[in-house]
Amino acid sequence: MSEHIKKATLELLRRAATTLPSDIMNTLARAYENEESDAAKMNLKVILDNVRIAGEQSLPMCQDTGAPIFWIHYPRSYSQAELRRKMNEAVRVASQIPYLRPNAVDSITGKNSGDNIGAGVPVYHFEEWDENYLKVELMLKGGGSENVSPQYKLPDSSLGGGRNLEGVRRCVIDAVFKAQGLGCAPGVIGVAIGGNRDTAYAAAKKALMRPFDDQNSMPELNELEQRLLKELNELGIGPMGFGGKTTVLAVKAVALHRLPACFFVSIAYNCWALRRQTMIIKGGEVSYD
Amino acid sequence: MTELRLPTDEATIRELNVGDFVEITGVMFTGRDSAHSFLMEKEREKFKELLEGRIIYHCGPVVKKVDGEWKFISAGPTTSIREEPFQADVFKRYGLRGALGKGGMGKKTIAGCKEFGAVYLHAVGGAGALAAASVKRVKNVYMLEEFGVPEAFWEIEVERFPAVVTIDSKGRSLHEKVRADSEVIYKKLIGM
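Sequences listed follow chains A and B, in order.
Under the working numbering, the residues of the first sequence are numbered 1 to 289, in order.
Under the working numbering, the residues of the second sequence are numbered 1001 to 1192, in order.
In short, the hints are calculated from the structure, not lab data.
Positions of the beta carbon are idealized from the N, C-alpha and C atoms, including for glycine.
Errors might be hidden in some of the hints.
[Unchecked claim] Pairs of lysine to aspartate or glutamate residues, derived as EDC-like cross-links and limited to a Cα-Cα distance of at most 20 Å, are as follows: (1) K1177/B <-> D38/A; (2) K41/A <-> E1010/B; (3) K45/A <-> E1183/B; (4) K178/A <-> E1023/B.
[As the list claims (entries may be wrong)] Covered by chain B, per the in silico footprint, the following chain A stretches (three or more residues, Cβ under 8 Å): (5) 179 to 191; (6) 218 to 225; (7) 249 to 258.
[As the list claims (entries may be wrong)] Which residues of chain B face chain A? A partial, calculated answer using Cβ under 8 Å: (8) V1027; (9) K1064; (10) K1065; (11) V1066; (12) G1076; (13) I1081.
Build out the structure end to end from the sequences listed, making use of the hints.
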């Protein structure tokens, strides 16, 4: 069983590094049709060609293969420690092939661990559940977009933002304006409203796992997502920040309970290469979505 | 489409304008955060010979050794602004004629490009597999042990590597223009 999980996780890592889900590809293709300037069109064409070649040849689409973040739901019969060991092994093998670039650097010595294993990495979110199967969601979160992912606290007098959805809206517009092309626009924006500083960032990243074409189950947030998608694209920053109509591909928001004293707005900016994949292992059968 | 052959010279670089599409052919070097601080720590004589008339590529590649030779697997640009404190001085000290990266650079580099006759070229961020296809050969690698794979100096031979001039040697920056244009809309959206 253990070897089976390791092998399946390696395939999950391969898929994540070398392919993009169809909702993202379709949105990029529509953006290409919709753009007018040569520079914006060129960027999107290169992006689409690149993903095609990466998929055909099983190459990492981007050399920054990011930080692997796992969300794992497991049945009671599984050992969390064993899952972690097997997934670490899969990450090691993926770093040798290489589906993953060695991306774990010791912050004190500057030494690269060489295999993506280190203090605090990979990131695992484990949760036992009552289902009888294993579900593993994986995101490879790139560093360039991580650098333009800010956390605000409301009220924010420079933005004139209060502790309400209008305040949230202003924070998101501010973050995307300040990011310009630096996060490899067109970006995908995960927004967590409330929570603590740590839980909020994790939730903002988890929101990026949602399909582009789904609806937020909270009507207020659904409306905010739609409005921001339109307004952020009005900024005209465009692909790679060269100017254009496509600054973001999707906005996904989530609300968490907060302390009375705190109101954080946490933004997970992701590059266009939103490498997210899901794997299910049920009765020995592996499926990927 | 303009062909940019390396090594190049000041006169050639000064003819390039913001918005030009170029294809780079010849030998260039990757170098990012560790490389730039290494180059500015003191005069590195060996690197003067290597970098003269060339371009430094802000890139931390995915590499693989095939039959004893290094091969670039995925090699798109990394964020250039991290080299802003060093870039203009590195141009001057080592005779580099430009940098290739993504996201643009700041005022010091814009001024450095103008004064020295250098250019900033923008590749498509994230398009690593396609960029690696333009890398025909890895000629050498320096400081691999010390810096690790992403940060080492990789000496690579590229053929028709596509990029766009976004900062030219006349003091113009596409990034400053887009920022200024988007700032007008930003202010309107948040009611400033």
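Taking the hints in turn, this is what the structure says about them:
Taken as a hint, the K1177/B and D38/A pair is honoured in the structure, with Cα atoms around 17 Å apart against an allowance of 20 Å. Between K41/A and E1010/B the alpha-carbon distance is near 31 Å, which puts this suggested pair outside the 20 Å criterion. Between the alpha carbons of K45/A and E1183/B the distance comes to roughly 27 Å, so the proposed pair goes past 20 Å and is violated. Between K178/A and E1023/B the alpha-carbon distance is near 30 Å, which puts this suggested pair outside the 20 Å criterion.
Counting residues of the stretch 179 to 191 of chain A whose C-beta sits closer than 8 Å to any C-beta of chain B gives 4, which meets the bar of three, so the coverage hint holds. For the stretch 218 to 225 of chain A, the assignment as covered by chain B is violated, since 0 residues bring a beta-carbon within under 8 Å of that chain's beta-carbons and 3 are needed. Evaluation of the coverage hint for the stretch 249 to 258 of chain A: breached, as 0 residues show C-beta separations to chain B shorter than 8 Å, against a requirement of three. The restraint placing V1027/B at the interface with chain A is violated, with a minimum CB-CB distance near 19 Å, outside the 8 Å limit.
This hint holds: K1064/B has a C-beta 6 Å from the nearest C-beta of chain A, less than the 8 Å allowed. With its C-beta approaching chain A no nearer than about 10 Å, K1065/B sits outside the 8 Å limit, and its interface hint is violated. Interface hint at V1066/B: violated, since its Cβ lies 12 Å from the closest Cβ of chain A, which is beyond the 8 Å cut-off. Evaluation of the G1076/B hint against chain A yields a held restraint, the C-beta minimum of about 5 Å falling below 8 Å.
The closest approach between the C-beta of I1081/B and any C-beta of chain A is roughly 7 Å, which is under the 8 Å cut-off, so the hint is satisfied.
Of the numbered hints given earlier, the model fails hints 2, 3, 4, 6, 7, 8, 10 and 11; all others are met.
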